[in-house]
Amino acid sequence: MQELREGIVDVSLGLARRILEELTDESVEAALLTRLHAELEALAQADERTRADLFSADGTVHVVSAGPLGSSERSRIEELVGALSARPADVDFDVDESLIAGARVEFSSQAVDATLADMVTAVRDEMAAVAPPPQDEADAAEEDGQ
Amino acid sequence: VSVFEAASNTLDGLRRAARAVEVKPRVREIGRVLHAGDGIAVVAGLPGAQAQELIAFPGGVMGIAFNLDEDSVGCVLLGADTKVAAGDTVHRTGQVVRTAVGDSLLGRVVDPLGNALDGGPEIEVEAYHPIERDSPPILQRSPVNRPLAIGVKSIDAMIPVGRGQRELIIGDRSTGKTTIGIDAILSQRGTGVVCVYVAIGQQASSIARFVSALRQRGAMDHSVVVVADADSPPGMRYIAPYAGCTVSEYFMQRGRDTLIVYDDLTKHAETYREISLLLRRPPGREAYPGDIFYIHSRLLERATQLDDEHGGGSQTALPIIATQAQNISAYIPTNLISITDGQIYLSPVLFQSGFMPAVDIGTSVSRVGGKTQIPAMKKLAQQLRLSYTQFRELEEFTKFGTTVDPDTKRTLEKGRRLRELLKQPAHQPIALAEQALLLHLAATDLLMDVAVVRVREFEDAFLRAVRDRLGDLTARIAEGETLSDEDAETVESLAREVIERIGPGEG
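Chains as they are written, first to last, in the numbering used here: chain A, 133 to 278; chain B, -7 to 499.
Derived by calculation from the structure, the hints in this document are not laboratory data. Among the hints, a few may not be true.
What the hints assert, rightly or not - Some residues of chain B that are not near chain A, with every Cβ distance over 10 Å (derived): (1) Gly99; (2) Arg272; (3) Tyr380; (4) Glu489.
Said to hold, decoys possible - Restricting the straight-line Cα-Cα distance to at most 20 Å, the calculated cross-link-like pairs of lysine to aspartate or glutamate (EDC-like) are: (5) B:Lys16 / A:Glu161; (6) B:Lys16 / A:Asp250; (7) B:Lys16 / A:Glu158; (8) B:Lys16 / A:Glu258; (9) B:Lys401 / B:Glu387; (10) B:Lys75 / A:Asp228; (11) B:Lys16 / A:Glu173; (12) B:Lys16 / A:Asp257; (13) B:Lys16 / A:Glu171; (14) B:Lys16 / A:Glu153.
To be verified - So the derived list for chain B, only partly shown, Cβ under 8 Å to chain A, looks like this: (15) Ala9; (16) Ala12; (17) Glu21; (18) Ile22; (19) Thr81.
Model, not experiment: these values are computed from the prediction. Glycine is no exception: its CB is placed at the ideal position from the N, C-alpha and C atoms.
Input sequences plus hints: build the corresponding full structure.
Structure below.
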């Protein structure tokens, strides 16, 4: 049963990925990056402590994107990341095609993910959260009731 | 649940998930691998990680959060550490380690996560339960009051084990510890007791031998074998006993009687020491970490007899410990002795002198089992223990060639026959009622007519005759009747008949 369940989810999400890969174009890419900027700006409003926690001791921040980012886009992200930290942050860029479209900014203990691949994964995570309780939890509830 | 229902449940879940998911950037907690190897990984980040939480590494490898430090988390990996590299991004799962449980596991050989290792069909898992659970609260427990037959005469008579008891099997290497574990499982055939055998850090070849011994004798259909062999990552070896306990608990919670054999906890303690040293926890005595007592006490506390209100199920635990040079006062053995309700000590000296099973009756003890013995056996047991100990002392004394009076000689001769009777070949457990009849004969003078070397032959012939002709008597004894004078007479006359048939032999 578990296998069947996983099979259905895998096929559906695999199909979603395929379609997204086909349909992605510059406008999608741009929309995702705009959302990423908005999220980083929102993070700048957080309290100082939360912001300090974002950075590791060496202050490195990794940015992974589905395709290579243009120089203006890079400097925009560097600027936004710089606004979060009191000290100058060291930002490095990387490309990972499996992200489909968009980019992810990885701080030391948090990641801001604005990629299509992550949105597909989010369905899987959401499913685990909203799915009917699996057998074991029903059992646990029954035991607690005893 | 039918396939159709499962599929439609899944589709409903997908539909709801698709509606609930927000198409916007996600902010998630992540960690980065600082270094990995030797079955562990240290991860920076993950500020919200909880103790024992499952951490997902790339390549499908999972790890358990063990050490929560200020800015790093020490994880024990449950898969190959070669798939994990420094710099990899990891994330939390919000889950604890779970293992497969259910009836579909019976007859199977699985790893601690419930994956089949026996090449059989995929296991249809009914549920996944956390491997670490609280032991049943005091109010749900009831005293140990029913016997669990180990099938070995010397144990069932003098060191009886009750359902829900924890009895340690302790001894040097190759003194027959595992054999007693197997005999105990074989002895549960047809009794409805579910058996779980947990192999920790053993050679794959000895596990294969063990499984085929169970299979050949038809004991696999009521058993589950949980294996983390010497080749498994340390994390798997560490969780194996807890996983096995959860598998067995599932049946206990449903009112079944269960037996679990941990083979062996010495290797488990060593695995935990290995993990702890690699994670740089402070070493204590013999380099074991400070909580080495707790890892075994919390495991064995889960063995119990539940009261009727909670189904009346039980879990009997037989942990195995290997000693070195008969040193039962080493660190881990003394820990286990203090946690358990008694120990069966196997002596290499007895083993080498051909007394098998090599149970040292003087050093072995059962703290709660005595109350559970079937009445017929209980009556005999105390006398037997005493006369056997007396015989051992006399024998030691007369080794120096002292001439002895006829009375002493007689005690010695009787003792030798009793000792012969207590010997038992491996993997041939005997039912409690049959044992009681044999030991009744040992208490009389009947065996004096059988040569010491022919006691074994007599025993076989006698047991065959009992199974043929005294089936109803053994059934009554098993139900709790004592041996009446009349019954005793029947048994003795049958024994005389057998002795006549096989002849006295040399003696």
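These are the hints, each one checked on the structure:
1. The claim that Gly99 of chain B is not at the interface with chain A holds, since no C-beta of that chain comes within 10 Å of its own (minimum 19 Å).
2. Every C-beta of chain A lies more than 10 Å from that of Arg272 of chain B, the closest at about 19 Å, which supports listing it as non-interface.
3. In this structure Tyr380 of chain B is separated from chain A by more than 10 Å, as the shortest Cβ-Cβ distance comes to about 46 Å.
4. Distance to chain A confirms Glu489 of chain B as a non-interface residue, since its nearest Cβ pair spans about 55 Å, more than 10 Å.
5. Under the criterion of a C-alpha separation no larger than 20 Å, the hint pairing Lys16 of chain B with Glu161 of chain A is consistent with the structure, at around 13 Å.
6. Annotation: proposed proximity of Lys16 of chain B to Asp250 of chain A holds, straight-line Cα distance about 10 Å (limit 20 Å).
7. Between Lys16 of chain B and Glu158 of chain A, the direct Cα distance comes to roughly 18 Å. Compliance with the 20 Å bound is thereby established for this hinted pair.
8. Restraint check for Lys16 of chain B and Glu258 of chain A: satisfied, since their Cα atoms lie roughly 14 Å apart, inside the 20 Å limit.
9. At roughly 10 Å between alpha-carbon atoms, Lys401 of chain B and Glu387 of chain B fall within 20 Å of each other, so this suggested pair holds.
10. For the hint pairing Lys75 of chain B with Asp228 of chain A, the CA-to-CA distance comes to about 19 Å; that is within 20 Å, so the pair holds.
11. Proximity of Lys16 of chain B to Glu173 of chain A is assessed by CA-CA distance (about 14 Å); at most 20 Å being required, the pair is judged to hold.
12. Pair hint Lys16 of chain B plus Asp257 of chain A holds up; C-alpha atoms about 15 Å apart against a cutoff of 20 Å.
13. A C-alpha spacing of about 9 Å is found between Lys16 of chain B and Glu171 of chain A, which places the hinted pair at or below 20 Å, so the restraint holds.
14. At roughly 18 Å between alpha-carbon atoms, Lys16 of chain B and Glu153 of chain A fall within 20 Å of each other, so this suggested pair holds.
15. Hint status for Ala9 of chain B: holds, given a least beta-carbon distance of 4 Å to chain A, under 8 Å.
16. Residue-level restraint check for Ala12 of chain B holds (minimum Cβ-Cβ distance to chain A is 5 Å; threshold 8 Å).
17. A hinted interface residue such as Glu21 of chain B counts as satisfied when its beta carbon comes closer than 8 Å to some beta carbon of chain A; here the least separation is about 6 Å, so the hint holds.
18. The closest approach between the C-beta of Ile22 of chain B and any C-beta of chain A is roughly 5 Å, which is under the 8 Å cut-off, so the hint is satisfied.
19. The beta carbon of Thr81 of chain B comes within 7 Å of a beta carbon in chain A, closer than 8 Å, and the hint placing it at the interface holds.
Taken one by one, the earlier hints all hold for this structure without exception.
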